[in-house]
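Novice: Chains as they are written, first to last, in the numbering used here: chain A, 7 to 272; chain B, 1189 to 1460.
Some hints could be false.
Claimed, not checked - Using 30 Å as the maximum straight-line C-alpha spacing, the simulated BS3-like pairs for lysine-lysine come out as follows: (1) B:Lys1307 to A:Lys182; (2) A:Lys260 to A:Lys163; (3) A:Lys260 to A:Lys198; (4) B:Lys1273 to B:Lys1227; (5) A:Lys163 to B:Lys1306; (6) B:Lys1306 to B:Lys1273; (7) B:Lys1306 to A:Lys182; (8) A:Lys260 to A:Lys182; (9) A:Lys182 to A:Lys163; (10) A:Lys182 to B:Lys1273; (11) A:Lys260 to B:Lys1306; (12) A:Lys198 to A:Lys182; (13) A:Lys163 to B:Lys1227.
FYI, nobody ran anything at the bench for these hints, they're computed from the structure.
Here's the letter readout for the chains.
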Amino acid sequence: MSTQTAAQSRRTGRFSGIWPPILIAVLFLAAWQIFVVARDIQPYLLPAPSLIVTNFFTDLSLMWAAAFYTGTTAFLGLVLGTVLGLVMALLASRFIVVNHLVTPLAAGLAAVPIIALTPILNNMFNITSRTPRVLVTMIIVLFPMFVNVTRGLLQVKPVQLELMRSMNAHPRTTLKVLRIPNAIPFFFTGLKVAAPLAVIAALVAEYFGGPQEGLGSRIASAAANTAYGRAWAYVVASIITGLIFYLVVVAVEKWTTPWTGRTRST
Amino acid sequence: MSSVQTSHQAVDVQGLWKIFNEGSNNEVTALSDINLSVKPGEFISLIGPSGCGKSTLLRVIGDLTGATRGEVFIAGETAPVAREKQLYGIAFQQAALFDWRTVRRNVELPLELQGLGKKERRERALELLELVQLSDFAEHRPWELSGGMQQRVAIARSLAVDPPLLLMDEPFGALDEMTRERMQNELLRICQETRKTIIFVTHSIPEAVYLSDRVIVMSPRPGRITHTVPIELGERNEDTRETDTFYAGVTAVREALRGRSASASPPRIEEL
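Please model the complete structure; the sequences and the hints are all you need to start from.
Specialist: Put into structure tokens, the structure is as follows:
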């Protein structure tokens, strides 16, 4: 396996790996800094990277707490939405009726501007608690998880189904032995979409009132106080939080499903 | 055959019809009045152009799809019962291995479904991998293997529960010629060692002749058996493919396949 990856990187040559994007990023930041300083751009229009970095480090402990708060909301919503999505996908793949009932509903759910439901959920549940935010995140996570996992459970090769039939396998056995393992790569595809989305949802939900300790609240209040450097520093922290969510999923995927991303056997 | 206790034919197909969408506008008669008996230990090939129903016939025998009319027996049992009792193993053109399982655990799958213990399963799988000469690859993943090797794993899997009958649907169809010939020899060796009855679907004439005791020639629209060509090559070896008997067999099958237009007169089917 390692020889294969080595061969792959050799083939793609010097333009692969993590250095090119880092170089691009550094060049971009340098250009940004030079532009802001040279043209004397005001921070409320566009703060210099140096200002953002300075703010980032002066606010680090608060920022950590804010990221932890929003991250916890995102994580809870992610777990709930994933579990619910999995249950729905299992039912939809098992019972064609459920599939016909639930799939249009899920599609409809995707069309709802769910974030816009936050004020309503804030009224329905305790606005001083985390609950409405977790619920919003959950609903947002639900859709990609449900759609992807359902696809994974249903998209098995006909020849594999014939094989299971030839072995006189009960549908429950086929689910366990064939459909669920087949759906695992799809599950991770969904999760890779859902995890950063959960962070965004948890963050934006904070714009609609409630406890003020999360990243979203901090961005809003910094901007309201014309502390643009600080607002941008919190944006950076939000990006990092979302990225961490994504990378954790990628790591778990690599670790649990070594067969994905390989040429599939026929 | 010397086996006295098998009073039944290995496979017995009687008056079998398979009609898709019967009664509707797009009705297709895939199989019409198929009669076929296979003796225990016999190697039968089904050959014919695309659409002649050879794969469908194999699937009906395996109860992967039902018959419209007629009956199928495997070792005296009806097809559904035979499937329940695991009286046959099957291999397809696609190896249909599960990527998430190692080679060994792919072979173990049928045994797992039978509820066999972990240790016995493992032992049996390793034994079978030895038979198909893949012992060194037991803990590899399917995608690390070549097409021919994957197909050998699929054959090992089809033999796992030690069924008396093997159904093979163009198992070497996707392989290159060299690999294909090697796999044919391998299959004959496995047959000799395991004494299985085999029904083998192919559209390669030399493959059918080389492997079979009997070649069943089919023709399409509607799918039916037109000829039966007995092959007597004796023990196969390196030189078999260059013998006159082999060429005679190939010619006989080719002519039978061509004799499609002549079948306006009642098809001459040999006494089975």
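Novice: Taking 30 Å as the top limit, are the C-alpha atoms of A:Lys198 and A:Lys182 close enough?
Specialist: The hint holds at about 23 Å.
Novice: Hinted pair, alpha-carbon criterion (30 Å max): B:Lys1306, A:Lys182. Please report holds or violated.
Specialist: 17 Å, holds
Novice: Hey, A:Lys182 versus A:Lys163, does the alpha-carbon distance stay inside 30 Å?
Specialist: 15 Å, holds
Novice: CA of A:Lys163 to CA of B:Lys1227, is that 30 Å or under?
Specialist: Distance of about 33 Å is beyond 30 Å: violated.
Novice: Given the proposed pairing of A:Lys163 with B:Lys1306, does the C-alpha separation stay at or below 30 Å?
Specialist: 27 Å, holds
Novice: Can you confirm whether the C-alpha distance between A:Lys260 and A:Lys182 stays at or below 30 Å?
Specialist: 21 Å, holds
Novice: Are B:Lys1307 and A:Lys182 close enough, with their CA atoms no more than 30 Å apart?
Specialist: 21 Å, holds
Novice: If you draw a straight line from the CA of B:Lys1273 to the CA of B:Lys1227, is it 30 Å or shorter?
Specialist: Holds - the C-alpha atoms of B:Lys1227 and B:Lys1273 are around 19 Å apart, at most 30 Å.
Novice: Is the Cα-Cα distance between B:Lys1306 and B:Lys1273 30 Å or less?
Specialist: Satisfied, since the Cα-Cα distance of roughly 21 Å is no more than 30 Å.
Novice: Given the proposed pairing of A:Lys260 with A:Lys198, does the C-alpha separation stay at or below 30 Å?
Specialist: 12 Å, holds
Novice: A:Lys260 and B:Lys1306 were given as a pair; does the straight-line alpha-carbon distance stay at or below 30 Å?
Specialist: Holds: A:Lys260 and B:Lys1306 sit about 27 Å apart, inside 30 Å.
Novice: For the pair supplied as a hint, A:Lys182 and B:Lys1273, confirm whether the alpha-carbon distance does not exceed 30 Å.
Specialist: Holds, at about 21 Å.
Consistency note: the structure conflicts with earlier hint 13 alone.
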